[in-house]
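Residue numbers (this note's numbering), protein chains in the order written: chain A, 10 to 330; chain B, 10 to 330.
Keep in mind the hints are simulated off the structure, nothing from the lab. Quantities reported herein were computed from a predicted structural model and do not represent experimental measurements. There could be a bad hint or two in this list.
Claimed, not checked - Where chain B lies over chain A, by a calculated footprint (3+ residues, C-beta under 8 Å):
1) 23-30
2) 284-297
3) 306-312
Stated by the list, open to error - Below, a sample of chain A positions facing chain B; criterion: calculated Cβ distance under 7 Å:
4) Gly33
5) Ala57
6) Met189
7) Val246
8) Arg277
9) Val278
10) Thr281
11) Gly316
12) Asp319
13) Pro320
14) Tyr321
15) Ala323
16) Ala324
By construction, the Cβ of each residue, glycine as well, lies at the ideal position given by its N, Cα and C atoms.
There are 2 protein chains.
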Amino acid sequence: MSRRAESPDELVARAREGEARAIGRLISQVEDGSPVLRDVMAALAPYADGARGGPHIVGLTGSPGVGKSTSTSALVTELRRRDLRVGVLAVDPSSPFSGGALLGDRIRMSEHATDPGVFIRSMAARGHLGGVSRATPQALRVLGAAGYDVILVETVGVGQSEVEIARLADTTIVLLAPGMGDGIQAFKAGILEIGDVFAINKSDREGADKVRRDLRSMISLADRPEGAWRPPVIKTVATEGQGAAEVVDSIDEHRAWARESGELERRRVRRTRDEIEAIALTALRERWGSVDAGNRLDGLAHAVIAGESDPYAAADALLED
Amino acid sequence: MSRRAESPDELVARAREGEARAIGRLISQVEDGSPVLRDVMAALAPYADGARGGPHIVGLTGSPGVGKSTSTSALVTELRRRDLRVGVLAVDPSSPFSGGALLGDRIRMSEHATDPGVFIRSMAARGHLGGVSRATPQALRVLGAAGYDVILVETVGVGQSEVEIARLADTTIVLLAPGMGDGIQAFKAGILEIGDVFAINKSDREGADKVRRDLRSMISLADRPEGAWRPPVIKTVATEGQGAAEVVDSIDEHRAWARESGELERRRVRRTRDEIEAIALTALRERWGSVDAGNRLDGLAHAVIAGESDPYAAADALLED
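Taking the hints into account, I'd like the entire structure generated from these sequences.
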């Protein structure tokens, strides 16, 4: 059966009507760097979030084994109970070399697979240093235009992926679990700074209370200006759905605080700056390394290697071009 | 006691005479982004490696717990036995937020601390996404000018730090250990591509032969063009110095192969390109975000948020300025 190629405007119109196939196709175009990508982004522009509107973007991260998939599924169930439409982006920080991805979980969370109010997509982080796919910000634009109320971006917390998630999200949930290490020392550096909500999953296991106590005391010790958000620490058992309502309540509270305090707008400006900057830098790198440009960068590298220039002078020369 | 500030040229001259204090001060200037950094780099330029000369840069990476510090120490001992001068950069991938660093190990490897043929320095990866400090390439230039024959760059293999180390090094050693996970699945994606030499440390423990067997069969299965390097897999017990001589022999063999095949030059060009590009991109980001420039990036972000522009059009506008 032959099919006329759909224009970006047509696809965006159908995505706005909630058609999953159109949404999926737009995300594929974004992910593959399709030639029509610029047209897609232009077609999506009128449906941008604004500083305070749009979907609420929730980052969800934690070490391997804390139960991210079950937690995501439990949160989706709770959000659906509240009649909210939910998008899920599961970002897989696979090797930037192999391009391979453990995407078997594309079919996971099958309980939500037939729910038209839920859109689930796995994305590989291939070709991008760091845990979050380069295409994630643009995929968020697709889901935003398609009218999802909440978008969960889930990624395993290895390396810098938590940091990237936190820079992308309106609210960041850090998942922990008892038995993943002993005491305060086991908390990875930096999670205190990125978590807006902490969930201790598998909290029916021994040690959950100690993890919560340690975490709460670390939170209370941190310097925090007047009126700042104080991250709650919630015990969950995601496999049973326990604690999911409390986590969603906390997301709501954080969102209300962030709108009121200006933090939401600040984060959205930062997210958009990051996105524009990343696109510009990618374009520049392609230009500098291209054969058309006589591979300017190679020439400068050879001059530095030969001792005729130094890296700073070479960078100046590159920027002057 | 007051002290006249030393010029970069003076410091470089003294570093070339092997004076540890001058070397340390130059690396600090590089690390802190000192105002004289450009002068330092210009003063170092004449002592650049060339495509085939200079120190041999050896990357050493592995998961937490495989014994990186003891392995580094054992390799230093073996290299000293061969009368080679050795620089060690231990890069600490701490949180980019906290700026804190677990630099207690600055005093580790104390057996080499009094050896004038060994220079050891810990560097924090702060302010840089990824496991390798942004200043590492310039610190390598300082050590290269100071005449070290081999420079070991050691980093814990989390997130993308292995990939960054492999892009930096002439030869990359990947450390593994038995009991860190079961079988082939436990090997992190991508290590096959980055390892030039594999060392199974703690090989007096159960399971070392299985790790070696599995790894060797993976290596033999990989597509490899005619004349390509085939990474050896060496059993070591770093605490006893066992296997260190074999690892150093393999580094030598890889170096000889890399010189002969052109791979050494290819890697050095890539490393220098990466270094120039990173400096240029950092300069651009500072320019785009600066208040002097009316914070162009903020203005564009606001236009995208308001739906008046899209991120690609905004990136174009940024690049046109």
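To see whether the hints hold, each was checked on the structure:
Residues of the region 23-30 of chain A with a Cβ under 8 Å from some Cβ of chain B number 0, which does not satisfy the need for three, so the listed coverage is violated. With 10 residues having a beta carbon nearer than 8 Å to a beta carbon of chain B, the region 284-297 of chain A meets the requirement of three or more and the stated coverage holds. Residues of the region 306-312 of chain A lying with their CB closer than 8 Å to a CB of chain B number 5, which satisfies the three-residue condition for coverage. At its closest, the beta carbon of glycine 33 of chain A sits 20 Å from a beta carbon of chain B; the interface hint therefore is violated under the 7 Å criterion.
Against a cut-off of 7 Å between C-beta atoms, the interface hint on alanine 57 of chain A holds, since the closest Cβ of chain B lies about 4 Å away. For methionine 189 of chain A, the interface hint is violated, since its Cβ never comes within 7 Å of a Cβ in chain B; the closest pair sits about 13 Å apart. The beta carbon of valine 246 of chain A is not positioned within 7 Å of any beta carbon in chain B (closest approach about 27 Å), and the interface hint is therefore violated. Residue-level restraint check for arginine 277 of chain A holds (minimum Cβ-Cβ distance to chain B is 6 Å; threshold 7 Å).
At a threshold of 7 Å, the smallest CB-CB gap from valine 278 of chain A to chain B is about 5 Å, leaving the interface hint in force. For threonine 281 of chain A, the interface hint holds, since its Cβ comes within 7 Å of a Cβ in chain B; the closest pair sits about 4 Å apart. Interface restraint check for glycine 316 of chain A: the shortest CB-CB distance to chain B comes to about 4 Å, inside 7 Å, so the restraint holds. Satisfaction of the interface hint for aspartate 319 of chain A is found here, the shortest Cβ-Cβ separation to chain B being roughly 4 Å, below the 7 Å cut-off.
Hint status for proline 320 of chain A: holds, given a least beta-carbon distance of 5 Å to chain B, under 7 Å. Proximity of tyrosine 321 of chain A to chain B holds as hinted, the smallest CB-CB distance being about 5 Å (cut-off 7 Å). The beta carbon of alanine 323 of chain A is positioned within 7 Å of a beta carbon in chain B (closest approach about 5 Å), and the interface hint is therefore held. For alanine 324 of chain A, the interface hint holds, since its Cβ comes within 7 Å of a Cβ in chain B; the closest pair sits about 4 Å apart.
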